[in-house]
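Undergrad: Residue strings, one per chain:
There are 4 protein chains.
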Amino acid sequence: MIQAGIIGATGYAGSELVRLLQAHPEVNIHTITSQSYAGKPYGEVFENYRHEAFICEEENLAEMAEACDVIFLALPHGVASKKVTPEILAKTKIVDLGADFRLKDINVYREWYQAEHDAVNLLDEAVYGLCEINRAGTAGKRLVANPGCYTTCSILSLYPLVKEKMIDLDSIVIDAKSGVSGAGRGANMGVHFCETDGSIKAYKVASHRHTPEIEEQLSYAADASVVLSFTPHLIPMNRGILATCYARLLDNYTYEDIRAAYMKYYADEYFIRLTKKGVFPETKWVKGSNFVDIGFAVDERTKRVVITGALDNLVKGAAGQAVQNMNIIFGLDETAGLTMTPMFPA
Amino acid sequence: MIQAGIIGATGYAGSELVRLLQAHPEVNIHTITSQSYAGKPYGEVFENYRHEAFICEEENLAEMAEACDVIFLALPHGVASKKVTPEILAKTKIVDLGADFRLKDINVYREWYQAEHDAVNLLDEAVYGLCEINRAGTAGKRLVANPGCYTTCSILSLYPLVKEKMIDLDSIVIDAKSGVSGAGRGANMGVHFCETDGSIKAYKVASHRHTPEIEEQLSYAADASVVLSFTPHLIPMNRGILATCYARLLDNYTYEDIRAAYMKYYADEYFIRLTKKGVFPETKWVKGSNFVDIGFAVDERTKRVVITGALDNLVKGAAGQAVQNMNIIFGLDETAGLTMTPMFPA
Amino acid sequence: MIQAGIIGATGYAGSELVRLLQAHPEVNIHTITSQSYAGKPYGEVFENYRHEAFICEEENLAEMAEACDVIFLALPHGVASKKVTPEILAKTKIVDLGADFRLKDINVYREWYQAEHDAVNLLDEAVYGLCEINRAGTAGKRLVANPGCYTTCSILSLYPLVKEKMIDLDSIVIDAKSGVSGAGRGANMGVHFCETDGSIKAYKVASHRHTPEIEEQLSYAADASVVLSFTPHLIPMNRGILATCYARLLDNYTYEDIRAAYMKYYADEYFIRLTKKGVFPETKWVKGSNFVDIGFAVDERTKRVVITGALDNLVKGAAGQAVQNMNIIFGLDETAGLTMTPMFPA
Amino acid sequence: MIQAGIIGATGYAGSELVRLLQAHPEVNIHTITSQSYAGKPYGEVFENYRHEAFICEEENLAEMAEACDVIFLALPHGVASKKVTPEILAKTKIVDLGADFRLKDINVYREWYQAEHDAVNLLDEAVYGLCEINRAGTAGKRLVANPGCYTTCSILSLYPLVKEKMIDLDSIVIDAKSGVSGAGRGANMGVHFCETDGSIKAYKVASHRHTPEIEEQLSYAADASVVLSFTPHLIPMNRGILATCYARLLDNYTYEDIRAAYMKYYADEYFIRLTKKGVFPETKWVKGSNFVDIGFAVDERTKRVVITGALDNLVKGAAGQAVQNMNIIFGLDETAGLTMTPMFPA
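Residue numbers (numbering that gives the first Met the number 0), protein chains in the order written: chain A, 0 to 345; chain B, 0 to 345; chain S, 0 to 345; chain E, 0 to 345.
Only chain A is shown next, with the shape it has when bound in the complex:
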């Protein structure tokens, strides 16, 4: 059994990690930590775990590195880069669900996060763990930067068309919608039920930090610089992301041409499900699962392709992909512990 530690287990992503690892056939949850709830039974913070004996512990990363084969970090940005060191990495594997090790270009990091980075020396080693695209680079590695929720959805929705140079890179618009759990488990007026229910808004227009992450990865795929528009929206629902992506086609591609491109890259991907022609993804169909559903239409009038991708922000957008990365690191079946059917209705 793989011994796993979770640091920051009392956020929504951390809680979802516990749920997934608990059901994973090859994993034992060795330690879970929480700054806010240290000493408290986990089942009193999240009463869905009332039947379990987990206790929130104080974090001691050095000790955990000795005892755990893998440690998941579910922390606010800027924290992981202060904790992870070559010494830690010499003893354990790290899957970081935060943003610290995602961007390769330190200048881009500085610009979008308005901060220095505390572990620049590890950026080269860190693997960007978007499994379907980068799994070869992840196997056996020590430090995986788990992609963001919006980014996973956006990149996977666009990747085949960018890679195959079928779309105008200057024309990409991503209009993304997220459930409220994406905002995290902190009390603030922005997530008050009465301020959120029955309403929709765009936020961080032209300034969301997932933008450079999407651009960096799509630029690798394109082997050219990608600059795009990304707009996140808050939706009155708990889980789920839908990314609606627009791009100008570079030729008179048909629906079948586009489909062939997706099949070329995703035909064997268990977690990516292409919808049938005329059917578009709905977040309800992926809830609680690690699936990404992708559908698209070719609009002959505008010469654009419109792609919609849907995933569960806490699973494929966070904890599920982290487990998938763990599976890859340790050479397990990539779907181990991740084959649950989406729960509907939920």
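Calculated from the structure, these hints are not laboratory results.
Remember, predicted model here, so these are calculated numbers, not experimental data.
Where hints are given, some of them may not hold.
Copies of the same chain look alike in the list, so a pair counts if it works inside one copy or between any two.
Here are the simulated DSBU-like cross-link-like pairs (lysine-lysine), alpha carbons at most 30 Å apart as the crow flies [what the hints assert, rightly or not]:
(1) Lys164 <-> Lys302
(2) Lys162 <-> Lys203
(3) Lys302 <-> Lys162
(4) Lys81 <-> Lys275
(5) Lys39 <-> Lys276
Given the coordinates of chain A, assemble chains B, S and E onto it according to the supplied hints.
TA: Positioned in the frame of chain A, the structure of chains B, S and E alone reads:
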């Protein structure tokens, strides 16, 4: 008092018309009709009207035309064009909340609606009642085509920039989101609570019938052909539309340049509220009201402007604008009966 | 015009007061205050008021008492009793939406609030402003304790049967359900969207402070001591309270007998709407209005009557009843400013 | 592997059965049938199963009885009793999720269902499959009547106190609240999003058919006739039932006395989780799981105990308990396939 009739009063738009006209200082509701509920007290269909004595009547348009100064039609598309005739228009004013008289180009109608039109002879006379843009053409007229919900939101969000030729007409993308009342008051699985709550989807991608309506009106504004991408989404909330609009700027316009364009056209518009810089509309702030809130950001990285517009689909997107059109037709204060503050939380 | 002041205008009840008073034909909003947002435009706190010029001011009760004919207090419990004095009451009328002046029995207050009361001398003068029951005592008075939301719904649902001695006073159970706005506009985990949506819970079981308020008023009606079970529940919706009340019938009363009791007391009450036999209130039908809908069934098997009452907690349960009390105090038509039809769907 | 068949797999309970059986380590889903969707891929009806090859088949019970070890019936009431015969039962086990075999007293059935029963001869054989109470009677049996959702929650919440004769049987009131999936997967106005969201109502007051089911079972426990008040409510959420139960205590029992009664019966029950003192169940903490959470308070003022029980209506209230019954019938570990942690937030 203006005597008003409502045909199709037991849909959501019809019900909202009753609510607004009932509170209108210059209007008396003379007749309300319903095909499904004829003979039934209105307060048993919509129990919010339990304290009122309204009865759903059988429709008799000829009689209503004699008795009513204005008749509102809230009917499925294709029905109004069978009912409205020059004889009717000789006796009363018609505000049609459906789609039949919105498109001027009969070929566009045939293509998008896949049907012949039963009153082509009236298309010239019909006024497209987007009040803020076309009020001069509406005063005193007999037949007003009340714009669609998505279209009102989309056109008002983009109009100043199109009119001022500040954006590339080929670059327009409108990603729109609507609450479920936009789907109408009919029982089908698509609006079942369990199929809708906690989920989001795009629908009618590249094929929604509001697309040509938006294009036709923006083409008038541009004095050039506008072809654009429009994608509607279903949001788990009752009311509200948010349209997120993207367009490439034709010059290095600043935020202030863009704002000046909006002010040029909307500075004196009571129902259009520009948000402050950095603030973006939320549908909750317009709920129950006739306001349209508009905000925008200039993205220097992509040379795009991103505009978000929000309105209540049943008010400014339907019944409210219909009342506003009635006010214009009869020369009343345009805001009469429409100055209610949005209800929050709701 | 009546000059009105609102202290604590940036909570949900305060905001609703602004909405109602703004539309009131006989009232001018003279001053609104907010401790948290003093100096800020009201339309930046609640952007539904973006079109208005209101500014949140620092509270200065003495000055307000000079300038205002009536002052509404929307404050946490324990605050109003520190502010209201005979000097203030000599100059203005006070409608207190908080709990401080609701309980007549100071010992009951001490027990349930675990605190001393700072204005015991005013308890006698204070009128319990449940309008339908106590309007005679309110006209012309200076200090009105506006009832709680749960209490208004519960008392009105049970009053005729208690008054007519048709039910066993020892058998009363009130199972009440409230939307989240009842919890107030403060950021805490209990109202986080993800902790609230898609779930229901009971809270403060056998210990909610509205219990003694209901008991005290029903005891007056019964002219006997009423001790009852009251359980509040949190419902994933913004507004609305439904109180399901159970009581043992003291005789073999029929549906018609019970109905006659309700008609005896409520036949002429504009704001109380009895549903038809077999129809039960839904909170959606009263949303945004000052109505209380009441329905009931006689269960011959159990010899119980089951009554359900529904109201909007922010209107009849708070701001609306406060305005109704103001109307009574000043001898206006009791429905002035309160005849809006419920908004549906909302 | 146990070969399982599901008849009526395209309702919500049927779909949940597929989800649970699919993940069950000892079960193979042999056949799923659907009247409405025969011939259609299951993954096109429920797109959460898009990655699966299931096809909806025409029902052929005789053939299925040959091929399947167990058949689950998820059908409207009145249908199962027409299908199940001694011949069928000679070949396979039946777990019926409908109401046909739940009531032992045929007169009670006739009265509440206003219909004759088509398989009176099987009523004796049928086991009422409320596992925690009746598992001894279920092992090895051929026909299990799976309890209703409201009934499971209500009976388990009250059973220990009834059995121990701690409460006045005449004083029981059950105020129950259910998510919308309890209304089934059919299109009707009552489950339209706009008619349901943001609102709460009681329905079938004093007339819901789960009432006699609760009474019959509690009467067995009490060895005396139990007649009680049961009121269901519709809550704007997908899943979950909360039953708030009230009863007069027959003695001055303390919290600890009551707790001891619950522990006596439930201490070893995996699926029943008692909350800590002062903590009350929330449906969110059991969503997607087979758990029943129970909490209570002793109200010394009223001499009542107030118990709240929470479960997921589609799992412990339907499909989960059906699987639990299958486990018992076949002598498997009762928790096999049912140990999933509740999903939160969902």
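Undergrad: Go through the copies and call it for Lys39 and Lys276: within, between, both or neither, with a Cα cutoff of 30 Å.
TA: between (50 Å within a copy, 16 Å between copies)
Undergrad: Within a copy, between copies, both or neither: which one fits Lys302 and Lys162 at a CA-CA cutoff of 30 Å?
TA: For Lys302 and Lys162, the Cα distance is within 30 Å both inside one copy (19 Å) and across copies (24 Å).
Undergrad: Taking 30 Å as the upper bound on the Cα-Cα distance, should Lys162 and Lys203 be classified as within, between, both, or neither?
TA: both (28 Å within a copy, 27 Å between copies)
Undergrad: Should Lys81 paired with Lys275 be assigned to within, between, both, or neither, using CA atoms and 30 Å as the limit?
TA: Close neither inside one copy (46 Å) nor across copies (38 Å); limit 30 Å.
Undergrad: How would you label the pair Lys164, Lys302 (within, between, both, or neither) given a Cα cut-off of 30 Å?
TA: Answer is both: 15 Å inside a copy and 22 Å across each meet the 30 Å cutoff.
When the structure is compared with the earlier hints, a violation turns up for hint 4 alone.
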